[in-house]
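A.B. asks: Protein chains in written order, with the working numbering: chain A, 1 to 309; chain B, 1 to 250.
Treat the hints with care, since some could be wrong.
Unchecked claim - Only pairs whose alpha carbons sit at most 25 Å apart, straight line, appear in this in silico SDA-like list of lysine to any residue:
{"no.": "1", "chain 1": "B", "residue 1": "Lys224", "chain 2": "A", "residue 2": "Ala120"}
{"no.": "2", "chain 1": "B", "residue 1": "Lys145", "chain 2": "A", "residue 2": "Gly237"}
{"no.": "3", "chain 1": "A", "residue 1": "Lys219", "chain 2": "B", "residue 2": "Met231"}
{"no.": "4", "chain 1": "A", "residue 1": "Lys175", "chain 2": "B", "residue 2": "Gln102"}
{"no.": "5", "chain 1": "B", "residue 1": "Lys16", "chain 2": "A", "residue 2": "Arg202"}
Unchecked claim - According to the in silico footprint, chain B covers these stretches of chain A (three or more CB under 8 Å from chain B):
{"no.": "6", "stretch": "226-237"}
{"no.": "7", "stretch": "243-250"}
Claimed, not checked - Partial selection, computed: residues in chain A whose CB lies under 10 Å from chain B:
{"no.": "8", "residue": "Leu12"}
{"no.": "9", "residue": "Val108"}
{"no.": "10", "residue": "Ala109"}
{"no.": "11", "residue": "Gln110"}
{"no.": "12", "residue": "Pro126"}
{"no.": "13", "residue": "Gln264"}
{"no.": "14", "residue": "Ala282"}
{"no.": "15", "residue": "Val289"}
{"no.": "16", "residue": "Leu302"}
{"no.": "17", "residue": "Leu308"}
Since the hints were derived computationally from the structure, they do not count as laboratory data. Beta carbons are placed, not taken as given, at the ideal position from N, Cα and C, and that holds for glycine.
If you want the building blocks of each chain, they are given just below.
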Amino acid sequence: MSVLVIAEHNNLTLNPVTGSVISAAGLIDSEVHVLVAGTGCQAVAAAAAQYQGVTKVLLADNPVYEHQLPETLTGLLLAISDDYAAILAAASTGGKNLLPRVAALLDVAQISDIVDVHSANTFVRPIYAGNALATVESSDAIKIITVRTSAFDEVEKGEASALIEPLDQVITQHKSQFVSENLSTSERPELAGAAIVVSGGRGLGSAENFHLLEKLADKLGAAVGASRAAVDAGYVGNDLQVGQTGKIVAPDLYIAVGISGAIQHLAGMKDSKVIVAINNDADAPIFQVADYGLVADLFQVLPELEALL
Amino acid sequence: MKILVPIKRVVDANIKVRVAADNTGVDLNNVKMSMNPFCEIAVEEAVRLKEQGIATEVIAVTIGEDKAQEQLRTAMALGADRSIWIEKSGVVEPLAIAKLLQAVVEKEAPDLVILGKQSIDGDNNQVGQMLAALCDMPQGTFAFKLVIQDGRAIVSREVDGGEQVVSLALPAIVTTDLRLNEPRYAKLPDIMKAKKKPVEHMTPETLGVTVKSSLKTLSVDEPKGRSAGVMVGSAGELVEKLRHEAKVLP
Ligand SMILES: Cc1cc2nc3c(=O)[nH]c(=O)nc-3n(C[C@H](O)[C@H](O)[C@H](O)COP(=O)(O)OP(=O)(O)OC[C@H]3O[C@@H](n4cnc5c(N)ncnc54)[C@H](O)[C@@H]3O)c2cc1C
Ligand SMILES: Nc1ncnc2c1ncn2[C@@H]1O[C@H](COP(=O)(O)O)[C@@H](O)[C@H]1O
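Take these sequences, add in the hints, and give me the full structure.
C.D. replies: Here it is, written out as structure tokens:
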């Protein structure tokens, strides 16, 4: 039986994290279908069809799916779930919002945030802020899974294109309505896929000072991240938060500036290949996970680094 | 308006847990336990709605062992009026938690259920969404702002790209994110008063719910550790190392 991946997209472009979910799905079964639900999202479906291993793309293109509200999408997924051995989505705010609803109505468990696939029914997932890895075996007939996309490489795009099949179910509901959204627009790379991430914490002291860090990020072509403390203090938006309850990243290089290294922050970045910590407190816990540590005042170091690069 | 707040007893957020020697779980012997931080935020939000005259009653509920009643007392010290203890020890999967809570929702008919977005032990992030599905209610997850207006809940949510606002018909389910509020500390007189507030004792059997499990934990392992690397003396040395040793910069 095939497995279904729910595409992550904004109606215009396919988010590359979908390629990582396809990669995890391919370890469960070689027949991978992708569901694109949205409005005016043919280009997204075409992009999904290019991924190697994808044999079919289901396209539910209707204004009712514009904001991909979970109350609406659940109905659509229940209508097609019989055909699948597993349904997977990214452990993004979208996937986390949707899949538990689907699991509950199918009367099965959801396996959250998997980082490895041992077999079609055995998965590895971090618990306790990543301080332990649990290997769990599911006895459910259908597996509902969210995937930690930083743990799987995006599958390659192939020459051939999978079949795109329209879905004409139209699910309407009135209990939940979209009101508005405020999405940050940035020229910088997305946190999830960036090769370099420069993150700032409470040590930056203010939103203005955060620009120092942004300048360094721009020199490096890096994404900008932040600790929860920096988000709470209003230096940056919540979409930049790295950690147990924010985004999980694993770039080639992670530079933590003015971040102490709380368990919850480490949970979001400790799988980075190389970690650099810049902090004026030599005892800051961040140094225990850093490959390169620099005990110094960030206000002195940031301009120096920028000049050197 | 009646608000139900499901809360969970978990290992304290400041504790770094260790994997148990036999790899069956983590070692929780003599470890400080607390209310899940996201649940504290849920209690705080419900109590604020009561203080604003929007809610009339706040009920805390937990599924857990005997000692989970401590967290119910905390919730009542923070302002919950009464609570429900569903006695069940051991790990209970999110779907079973949601089914038990569904039974409580059917009994109490709250207008709003506020849960934490995630328990910091299992990091599941499931129960609120599952409960919403089972009760056929709309959901506003990862809330950083909640306004009750004209019989609807207007929920501002933290999403990956920024923020989203949804409007939900009541009764509805809301799950909390960290920025929703800053929970108060319980004052001594309130802690004393909480001792007299009622705790209703229930079990899965009295609620008519069969607790099933479909996930088996085969092992719990320590993740690959990281060790401290080297300290550098200057920005120049750092750049040099990143270029020529780590080779992560051109
Ligand atoms: C349930 C829960 C979930 C959480 N989830 C997350 C999460 O997902 N992500 C997250 O990040 N946090 C999370 N937190 C918060 C976390 O516990 C910490 O409070 C937070 O990470 C601290 O952020 P910080 O390191 O920026 O601030 P601080 O701990 O205050 O550290 C600031 C650091 O800056 C250094 N500094 C100050 N001035 C300078 C200077 N001039 N030059 C150099 N260094 C300087 C200081 O030495 C200090 O080490 C969570 C907490 C809870 C309870
Ligand atoms: N044992 C429990 N008793 C009561 N509420 C719970 C329990 N477990 C989880 N919850 C609620 O569900 C939220 C999300 O938990 P989870 O889905 O396990 O991450 C928690 O913040 C609580 O509000």
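A.B. asks: If a hint holds in the structure, say so; if it doesn't, say that too.
C.D. replies: To see whether the hints hold, each was checked on the structure:
Pair hint B/Lys224 plus A/Ala120 holds up; C-alpha atoms about 24 Å apart against a cutoff of 25 Å. Pair hint B/Lys145 plus A/Gly237 holds up; C-alpha atoms about 15 Å apart against a cutoff of 25 Å. At roughly 23 Å between alpha-carbon atoms, A/Lys219 and B/Met231 fall within 25 Å of each other, so this suggested pair holds. Simply put, A/Lys175 and B/Gln102 have alpha-carbon atoms about 18 Å apart, close enough for the 25 Å limit, and the pair holds.
Taking the CA atoms of B/Lys16 and A/Arg202, the gap is near 22 Å; set against the 25 Å cutoff, the hint holds. Counting residues of the stretch 226-237 of chain A whose CB lies closer than 8 Å to any CB of chain B gives 4, so the stated coverage by that chain holds, three being the minimum. Check on the stretch 243-250 of chain A: 3 of its residues sit with their Cβ under 8 Å from a Cβ of chain B, so the three-residue criterion for coverage holds. About 13 Å separates the beta-carbon of A/Leu12 from the nearest beta-carbon of chain B, more than 10 Å, and the hint is not met.
Residue-level restraint check for A/Val108 holds (minimum Cβ-Cβ distance to chain B is 6 Å; threshold 10 Å). At its closest, the beta carbon of A/Ala109 sits 5 Å from a beta carbon of chain B; the interface hint therefore holds under the 10 Å criterion. A least Cβ separation of about 5 Å between A/Gln110 and chain B falls short of the 10 Å threshold, and the interface hint therefore holds. Because the smallest distance between the Cβ of A/Pro126 and any Cβ of chain B comes to about 7 Å, under 10 Å, the interface hint for this residue holds.
For the restraint placing A/Gln264 at the interface with chain B, the shortest Cβ-Cβ distance is roughly 7 Å, inside the 10 Å limit, so the hint holds. Restraint check, A/Ala282 versus chain B: the minimum CB separation of about 8 Å is within 10 Å; hint holds. Nearest Cβ of chain B to the Cβ of A/Val289: about 4 Å, under the 10 Å cut. The hint holds. Hint status for A/Leu302: holds, given a least beta-carbon distance of 9 Å to chain B, under 10 Å.
Evaluation of the A/Leu308 hint against chain B yields a held restraint, the C-beta minimum of about 5 Å falling below 10 Å.
Hint check: a violation occurs at hint 8 only; the rest are consistent with the structure.
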